[in-house]
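Assemble the complex: chain R is given as a structure, and chains B and D must be docked to it using the hints.
Chains as they are written, first to last, in the working numbering: chain R, 1 to 129; chain B, 1 to 662; chain D, 1 to 147.
Honestly, I wouldn't trust all of these hints.
What the hints assert, rightly or not - For lysine-lysine, the following DSS-like pairs were computed, each having C-alpha atoms within a straight-line distance of at most 27 Å: (1) K400/B x K21/R; (2) K337/B x K24/R; (3) K24/R x K405/B.
Stated by the list, open to error - To spell it out: a stretch of chain B is covered by chain R in this simulated footprint if at least three of its residues, at any positions, have a beta carbon under 8 Å from a beta carbon of chain R; those stretches are: (4) 390-402; (5) 454-465.
By construction, these hints were calculated from the structure, which means they are not laboratory data.
The beta carbon of each residue, even a glycine, is placed where N, CA and C say it ideally should be.
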Amino acid sequence: MKTEHSRAEMIKEISGVNPLKCMKCGKCSASCPSYNEMDIKPHQFVSYVINEDIESLVKSKSLWKCLSCFACVERCPRDVKPGKLIDAARQIVVRERGKNYLLADDIPELVDPDTPQQLLVSALRRYRR
Amino acid sequence: MQRIGVFVCHCGTNIAATVDVKKVVEMALHEPGVVHAEDYAYMCSEAGQELIHKAIKEKHLTGLVVCSCSPRMHETTFRNAAEKAGLNPYMVEIANIREHCSWIHKDIEEATEKAVILMRAAVAKVNLDAPLKPGESRVTKRALVIGGGIAGIQTALDIAEAGYPVDIVEKTPSIGGRMSQLDKTFPTLDCSSCILTPKMGEVNAHPLINIYTYSEVESVSGFVGDFTVEIRKKARSVDMNKCTGCGVCQEKCPSKKTPSEFNRGLSTRSAIYTPFAQAVPNVPVIDRDACIKFKTGKCGICSKVCQAGAIDYDQIDEIVTEKYGAIVVATGFDMIKLDKYDEYAYSQSKDVITSLELERIMNAAGPTGGHLERLSDGKPPKEMVFIQCVGSRCADDRGKSYCSKVCCMYTAKHAMLIRDKYPDTNVTVFYIDVRTPGKNFDEFYRRAVEDYGVNYIKGQVGKVIPQPNGKLLVQGADLLDNKQILKEADMVVLAAAIEPNPDVRKIATMLTASIDTNNFLTEAHAKLRPVESPTAGIFLSGVCQGPKDIPETVSQAGAAAVKAIGLLAKDKLLTNPCTAHSDELLCNGCSQCANVCPYGAITYEDKEVNDHGVRETRRIAVVNDALCQGCGACTVTCPSGAMDLQGFSNRQILAEVDAICR
Amino acid sequence: MSIEKNEEFRPKIVAFCCNWCSYAGADLAGSSRMSYSADVKIIRVPCSCRVNPMFILRAFERGADGVIMCGCHPGDCHYTSGNYYARRRMTLLFSMLDYIGVENGRTRVEWVSAAEGAKFSQTMHEFVDKITSLGKNVRLEDLRCRN
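Only chain R is shown next, with the shape it has when bound in the complex:
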């Protein structure tokens, strides 16, 4: 089991987000379509990463309630992108399970080329749980 610190660092690395840039304006939470389903709200993701409390984040309902619509990523005025943070947290869960990942061969050949790749990957991560 990795330390909370290294998990937080990994989230930052995967997402490419610097959570310290957040000015706590709450535009992410205001934009979120599944806000009411979440126990940890989008604007709180950032503080969980800053406070290195990844375990709570990983265990939260929010982790799998995020629709990856990326409205928060789109509208964040500070380039913090809570959606990417939660996405990275999901990836940590997947990685920690070990070897339980999607094989390239399993991806159907006829994927609509217009589908944004990021969305596709997020969706795969979400629904193959």
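Coordinates of chains B and D only, in the frame set by chain R:
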């Protein structure tokens, strides 16, 4: 051979904490020409300067190196100190071991090593320094103010009151600027035009102030004390001397569909127009793009109804050339465009407006006659939502990185005024932070909450969705209650960020005044010279320098005026002696230097020279010291190496390079 | 270990900064405590157009490993047009240096305004990293000048 003294400053602990100053002193004594070296806690202090004075006298120093802060800080201080001790001030060089060394390095060994190298470079340069004498240039006792808003008006009045003539150049048909568009002003709720129009009248009546409205600065040349400026007076199509300002032409004009700039496009105006009723000068302008006469050749009604015969369709742009000693920039601001903020539905709904549009709606002379109503159906709103920080404090390229400073206060003002006049209307403000530093500012904001019941919610709005029933669904978050909020509103007001007037870039380029990445003009020193541009003779007034409210703008305008007066009060200025000079034995008169000189300072003369015993007449470049600003473009262009720059000579810079690479 | 430390490559870097924009930008980097490598030494010139290609060649001759020149942004030159001259000269000089085998990465021109302390520090970081990766300049150094 020079006799050089090296003085190493501790700057308290600013330098001494990371640079081993004793080591620098010790190393300095090994440098060629150095006969004296010492360190002191504060070289710039009276006592420090006294040390320098004593050393110059006792050791008969011919050159000084001061290892201290940036030459931009204290070069003048140490040059003056040298002069007092009888040394030529240009025999002083500064090694910048604070900004360029101690403040950016942590490792003492590394920083000391670098400080020694910087000291060496300065010693190498002083070794080749020669005494220089500044020339003199005259000062034209007239000031130019670019921009006729409250900043420009106040600066012009203050300069004129001191007895110097001032010209104001204003791009639009009337002075007044943004302040004339405002309804009330915080925190006292004075009516904006009630306090502005007397000032506009005063400017208009002042014998020493000349206003060029509907005019733009075309070009600027020259330098501090002696600028030459071309002003383009755009064709007004109305004779300023004949027009009585009766306004009949505007009434009768058949082309009335042009969006009014003054009312932010919320109403229309005629093709011949004055922007607003109290315009100064009260002389209309024909908008040639909208005028039927100019578009089709037919019409001419204004000319027929004008009793004074002031309409002149044949007027053309006129270029006026004037000389000025000082230029004040007061170009002001505009709201940012909101096309990148589609989530707030500004382009989709008429009922989503900016704060400046709300100012016009609230104003009795505005598009709705001062009645608060929805622009879509004219109904009074029952639910109003204000959204703060639209485009301010953004890290991405959609908005501005800075805080626009005035929005929190004007939103509190709007909210308070609406609650006061329409108690049935609920007002909700979505904010990130409420920033109210200023005299009576926080009290004002608290009054809005406590006495007027304005509902402040901490949290930004994510989206505004226009509904089929004409309402606006506002999706926001309350971060303190940890709730998402869906609110139906009748009107949404966006506190859009303010940005410098887009024209300022062009003007800054003409003035060679530096500008930052946000298009704000840079001040010479962030704290100690906030109203001066680094370019001598250029002063900054108002929002062109950074976001500020009216009282701040007025005080800065006064400060800029004082700085300009201080310059105009001088009869002569000392010029920079670091000018170019040509070696007459090397110059072959090829004219390349004159081609690159931006100031036209180089001319050619036939001169008799003595080249190793051979006397002959040659064509030689001669530099006019009064015009040369010392950029050094000619020195690099010269193919024979005849041109050199005093104070930054080829040999000196090479010596610095050598010292650094040693 | 100590031997290794002694042999650690520390590049010599000369930076020419114009007095009005870049030198002030470097001052701002200093007063904002935005650190960069001590290997960079700044020479103040009135304008980037004062930088004679000769100065840069001399720096390489005397063992500099990289030379960077900073000036005002195009259009913002205090002397109206100086940085345009500098830009042309440097383009020619750098392509000549490239031709004689001095890698392009060893020379750089950057426009830094007086308000861009962060950019100055960032640029210096990048440049030092680049020069460190390129290693010692051996092509132009005149060994007779070594002491």
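Here's how the hints hold up against the structure:
no., hint, verdict
1, K400/B x K21/R, "holds (15 Å)"
2, K337/B x K24/R, "holds (24 Å)"
3, K24/R x K405/B, "holds (18 Å)"
4, 390-402, "holds (count 6)"
5, 454-465, "holds (count 6)"
The structure is consistent with each of the numbered hints, conforming to all of them.
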